[in-house]
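A.B. asks: Using the hints, position chain Y against chain L.
Going down the list, the sequences are from chains L and Y. Residue numbering for the first sequence follows my numbering, beginning at 1 and increasing consecutively. Residue numbering for the second sequence follows my numbering, beginning at 1 and increasing consecutively.
These aren't lab readings, by the way, just hints derived from the structure by calculation.
Quick list of the computed label-pair ranges, beta carbon to beta carbon: (1) Y:L90 <-> L:E124: 22 to 32 Å; (2) L:L19 <-> Y:V267: 31 to 41 Å; (3) L:K40 <-> Y:V94: 22 to 32 Å; (4) Y:I276 <-> L:T137: 32 to 42 Å; (5) Y:L184 <-> L:K80: 23 to 33 Å; (6) Y:D32 <-> L:P47: 10 to 20 Å; (7) Y:G221 <-> L:P47: 26 to 36 Å; (8) Y:G221 <-> L:D36: 34 to 44 Å; (9) L:I110 <-> Y:G142: 37 to 47 Å; (10) L:K40 <-> Y:V190: 42 to 52 Å; (11) Y:I276 <-> L:E114: 27 to 37 Å; (12) L:K40 <-> Y:N126: 32 to 42 Å; (13) Y:L184 <-> L:F15: 43 to 53 Å.
These figures come from a predicted structure and were not determined experimentally. All residues carry an ideal CB built from backbone N, CA and C; glycine is no exception.
Residue-level listing of the chains:
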Amino acid sequence: MKKYRNLLTLSVVVFVGSLLLSFVTVQDKKEPAPWDVPEKYVKMENPYAGDESLDRVGKILYIKHCRSCHGNNGEGDGPKAASMKTKIHSFTSEAFKKQADGVIYYQSIIGRDEMPNYESKIPEEEDRWALVNYIKTLK
Amino acid sequence: MKNTILYILLGLFVCTNLYAQDEESADVVEKDKPVRFAWESGMLIDQQTAQIPTVKTLEMVIQHKFGPIDNGSTDLWGIYAPAGNIRLGLNYVVANNVQIGWGISRRNMYNDFNAKWTIFEQTRKNQVPVFVTVYANAAIDGMNRDDIELYNFEEPGQKFDFGFSNRLSYSAQLIIGRKVTNALSVQGAVSFSHANFVPQWHDHDRVGLHFNGRLKVSPQGAIIFNYDVPLQIDGISEQHPDWNSTNTPGWDGPYHPEPNLSFGYEVSTSTHAFQIYMGNSQAMLLQDMMINNNTGIDFDNFAIGFTITRLWSF
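The shape of chain L in the complex, shown without the other chains:
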C-alpha cells in the first residue's frame, strides 16, 4: 500500500512540476531587440512591388520556409515557435507592416540569432521579393 502511495505522490509531484515548468518557459521568452538594419537595405527599392504573378511563389516559399515558426497567418504561432527563446511578433501588426520593404527583406532573408539566414535557400532576388510581398499581405 505504501508503495502505491509513494508512486502516487511521485506522479503528482512530476505532474505539478511539469505544469509549473511550462509556465516558466513561456515567461522566459525574451523580447527581440530592435533590428539594426544597414542603410543599404533601408533604402532598397522593391522592384517587384505589386507584381501579382509572384503571389503563388511567395505563398509557396512562406509555407515551405516560414510557416513552421511564424504560423499559417503570420501570428508567430507555428509549431516550432514554442521552442524559440525569442518572442515572435505578428506580421499582421501595423508596426510590422509600416516598415520599409527593404527592412522586411533584411529581416526575412539575412536574419539574425534565431531567425536563420535564407540567402542560400532562396538564392533568387525575384523569389526573395515575392516572399516579402506575400508576408505583407498576411492579415
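C.D. replies: Frame of chain L, contents of chain Y only:
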C-alpha cells in the same frame, strides 16, 4: 546557270544577314531562368532527381527499408523483421549543379561514391524544355567473402582468391525530367550498371530504364512513384541461349533481375524532405537494384520504407 549561282549566293547572303539579326536580337532577349519547385529533394524514394541544392550545401540522406510485409502482423508487416536495408549518405554541392556524395549501406556492406551533375535546367519560358542530369556511382562490397573462390577458366584446376576488384560495381545514369505543371513533375532515365563479380551464370552488365514522378496534392505534400526496369538485352547478355541443364552442368535456368515499383508520400519543409513508401526491392544502390534484385512486383515482396534528406548550408 550563272543566274542560278547568283541567286543562290544572293539567297545565302540574305539568309546570313537574317541570321545575324537573329543573333543580335537574341542578345537583347532576357535570359530565361530555371523553373521553380520542380522537386523537393535530390532523392525520390531511392532514385535521383535533377534537384541539386545551392553551392556549399551539405545534404544528409537517411534511407531505410523494413522487411517484406508478407508475414503480416506476426512481424508487424516487416517492421520487426530481420531483413531490410539501411543507407546513410552525405552529399556536398561543390559547384553550381554539381554534387558529390558518399554513402554506406547495410546490404552487402556497400561503400558507395557518387557524383551528380544537372547539365541543363528546364526554363520558365521553355527555352530549355527539360532537365538533363547525369549520375554515376561506384560501390565497394564490404562483406566477408573468404568463402568464395573463383575458378580460373584459362587454367583449369587453378583457383584464385576473391580480390578487391571483385568487390567493385558501377552504374551511370542519364536522366531527362520535366516539370509538366505546378503539381506534376516526371522523369525518365536510362542506366548502365556493371558488377565485377556476380553469382555464377548471371550477367555482369545491365541496362535499365527508370520512370518516376511527383504529384503535389498540398503545398507541402505530394504523391511519389518510382518504376525501374532492368532490360534483357541478348547482345550484352552472357547467358547463352543454347544453355540447358544437359550441356551446362550446374545451370539452373536463366536469371533475370526483377523490376522495382515503389510508391509513397512526400512531405517537405525548408530543410527536410520526408518520404514514406512501399517498394518491392530491398536494394538501394542503382547497380544493386539493376543487377541483384530478385524480388518481383508481388504483394508479398513489398516492404515499407522511408527516405529523409536534411540540408545544411555553409
